[in-house]
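**Student:** Each chain, letter by letter, is given below.
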Amino acid sequence: MSDFFMFSLVPLAVAVVIGMTCALLGNFLVLRRQSLIGDAISHVALPGIVASFILTGMLASGAMMLGAGVSALVTVVMIELIRRLGRVEVSAAMGVTFTSLFALGVLLLEWHDAAGVHLDVEHALYGNLESLIWFEGTGPYALFDPLALAELPPQLARVVLVGGLVVAFVAVFRRHLVLGSFDADFAASVRARPALVDLLLVSLVAVAAIAAFEAVGSIIVIAMFICPAAAARLMTDRLGAQIAWSQGFAVVASVLGYVLAGYGPGWLGFDASLSAAGMIATVAGLLLLATCLWGRRRHPAEA
Amino acid sequence: METWWLALTFRLGYNTSLVTLGTMLLGAGAGMIGSFILLRKRSLVSDAISHATLPGLALAFIVVGLIQGDGRWLPALLVGAAGSAAFGLWAVQRISERTRLGEDAAIGAVLSTFFAFGVVLITVIQAMPVSGQAGLTGYLVGATAGMVAAEAQLIALCALGVLLAVLVWRRSFLMVCFDAEFARTQGLHTGRVDLAMLALLMVVVVIGLKVTGLILIVALTIIPPVTARFWTDRPLHMVILAALLGILAGYLGVTLSSVTEGLPTGPLIVLSAFGLFFVSFLFSPRRGVLASLLAHQRFRRRVHLRQGLLAVARDEPIFDNLTLRILQRRGYLRRDGVPTAPGRAAARDAEHEERLWALYRECQPEDALQQEHSGLTPIASVLSPDAIMTLEAQLPPNGKQEARR
Chain Y
1 MSDFFMFSLV PLAVAVVIGM TCALLGNFLV LRRQSLIGDA ISHVALPGIV ASFILTGMLA
61 SGAMMLGAGV SALVTVVMIE LIRRLGRVEV SAAMGVTFTS LFALGVLLLE WHDAAGVHLD
121 VEHALYGNLE SLIWFEGTGP YALFDPLALA ELPPQLARVV LVGGLVVAFV AVFRRHLVLG
181 SFDADFAASV RARPALVDLL LVSLVAVAAI AAFEAVGSII VIAMFICPAA AARLMTDRLG
241 AQIAWSQGFA VVASVLGYVL AGYGPGWLGF DASLSAAGMI ATVAGLLLLA TCLWGRRRHP
301 AEA
Chain R
1 METWWLALTF RLGYNTSLVT LGTMLLGAGA GMIGSFILLR KRSLVSDAIS HATLPGLALA
61 FIVVGLIQGD GRWLPALLVG AAGSAAFGLW AVQRISERTR LGEDAAIGAV LSTFFAFGVV
121 LITVIQAMPV SGQAGLTGYL VGATAGMVAA EAQLIALCAL GVLLAVLVWR RSFLMVCFDA
181 EFARTQGLHT GRVDLAMLAL LMVVVVIGLK VTGLILIVAL TIIPPVTARF WTDRPLHMVI
241 LAALLGILAG YLGVTLSSVT EGLPTGPLIV LSAFGLFFVS FLFSPRRGVL ASLLAHQRFR
301 RRVHLRQGLL AVARDEPIFD NLTLRILQRR GYLRRDGVPT APGRAAARDA EHEERLWALY
361 RECQPEDALQ QEHSGLTPIA SVLSPDAIMT LEAQLPPNGK QEARR
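If you're matching them up, the sequences are chains Y and R in order.
Using UniProt numbering, the first residue of the first sequence is number 1, and each one after it goes up by one.
Using UniProt numbering, the first residue of the second sequence is number 1, and each one after it goes up by one.
It should be emphasised that the hints constitute simulated quantities derived from the structure, not laboratory data.
These numbers come from a predicted model, not from an experiment.
Backbone N, C-alpha and C fix where the C-beta goes; we use that ideal spot for every residue, glycine too.
Please note: incorrect hints may appear among the correct ones.
As the list claims (entries may be wrong) - What follows is a list of derived Cβ distance ranges for each label pair:
{"no.": "1", "chain 1": "Y", "residue 1": "238", "chain 2": "R", "residue 2": "321", "range": "55 to 65 Å"}
{"no.": "2", "chain 1": "Y", "residue 1": "77", "chain 2": "R", "residue 2": "385", "range": "44 to 54 Å"}
{"no.": "3", "chain 1": "Y", "residue 1": "184", "chain 2": "R", "residue 2": "8", "range": "46 to 56 Å"}
{"no.": "4", "chain 1": "R", "residue 1": "290", "chain 2": "Y", "residue 2": "203", "range": "27 to 37 Å"}
From just these sequences and the hints, can you work out the full model?
**Tutor:** Shown next, in the form of structure tokens:
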């Protein structure tokens, strides 16, 4: 049991919080047909982090977050510039931007590899959920021990903070977000500032992606932005219910995925553990598959 | 620098030359098929395909590894990758057709789920007693350094096949890209043509895995076509240009990466492609940023000139500085703001032109709507001389225009 508190509690909590945060934002991305912006932003976090590392010379998380944030901003601006000035279709503009920036990130990384840095592409992609060990978490009583709580991995506090930020954003801009998602022209006509809210949404997507990136890797982030929200979309026609469903799916996927990755091989008699982040994303995809097959509102609207 | 020159001139050994040639062919294939996908507005489908190859790669690696102890056998890996990519593609199609989710959500869901499952399989492999595991991570970001001749030949052969297929089917592809409805009336099975396009895209992505890695192969199918689009408005020219740009990007990338030990090929190919894109984005004479800026400036000057001349003709004062400057530079205005003789003549012409346009719009509103008139097109370039004569005959004597309205 003490193993659970030491090795599993924090990763599980981080996964659940990130899953719920991403799924909450994902609802609006899916409704706006902008799902792939999360994909693009989580790819470009890599060059940002590498650049900040090269500039500061250390793996300080503050600088890394800043670097990734700047690169996310650069991405959004670049996509818009290419789209508007070059009159390129948006998905192509996105493709040009994020692949080039990612290539830049990989190049910088390999270039710096000689310095013996522990930072590699695989790590960025898969994350390292399992490494979030709470050394002081020796039992349930540690939860009430301020000294032990102070030793919690800092990633947990960070993702909780970001989660709170996202919830606050959605709560404050609820009406604006809904209006902008369904009818941007109408939103503009009633001064709901769709462009500004759009930018805020994308920035928060970036913030969430970066916070998650450090803890769990980028692949789970993309899955969590899209799969729970898309699955929820197939279950209901109401936005409130959709958000509730997506949160439920995110929790189920995180817990089930983590348990399967950690204990699944053991049940089958193998002594190994699988990538927790990968498994969580896989479970999220399977949930979406299930709703595609049996969801109550899966069919396209009648034309 | 010297090594680069040697690589550029194919004098860096048989293997390097072969890899360079293979990559160039790959670039050509990716550029060609990517152009059609871009015209069909489905660029990011290649992103889903490329990510969806990972579980297939890993599964093939496991199977081959269990049989012969070392999982690195390119043909099997490619078949595995193609299998799971096809499955992913099918999933994208089904989700976007049969459910209410958009294609973007379908692409995102498929790419993340498949990739994640691939990552899970890779951790399975890491727990297995199979050698050659490092070879698998090479597929994430690509590695041409360790490529052997047989692999390069296989890639080149597949790329050549794609080129031929695109050449043979280019007409049907174009028809479907531009007007799927029309293609259907011509007896074309649009679903099947779409499928053929995506299948070719899949082949390119799968064989590109070894060269650029699965994340960056997407770039080769998107960036060269987008770049080509800056230079031409003709679809077949665009396809050819995209192929050439793909070749150039591959050539530059591979040769650059052979300059120093340890430079990754994939990113250099992509960054070369991006460099070409960026140059086109700025300097293309049709759609480039610079050309657009110049055109905008020119248009602005013409508007100011016309408005200034009209103001002169109507004896209205001009306050706008730019207008004043333009008129003065042309010698239509003196420094103190008094119009010169040529200025008065030009003003009369402008006024006359404006009245003809007004009359034309009044008499033949339907025809006038057909003409794209920004207030600056000379009417003589739109109407025939006798039509203008007729209009001029109808023109009321100067000054009575207001009364007529």
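**Student:** The structure should be examined with respect to each hint, and the outcome stated for every one.
**Tutor:** Consistency of the hints with the structure:
1. Y/238 to R/321: 55 to 65 Å: holds, 57 Å
2. Y/77 to R/385: 44 to 54 Å: Check passed, 52 Å falls within 44 to 54 Å.
3. Y/184 to R/8: 46 to 56 Å: For residue 8 of chain R against residue 184 of chain Y, whose Cβ atoms are near 50 Å apart, the range 46 to 56 Å holds.
4. R/290 to Y/203: 27 to 37 Å: holds, 31 Å
When held up to the earlier numbered hints, the structure conflicts with none and fits them all.
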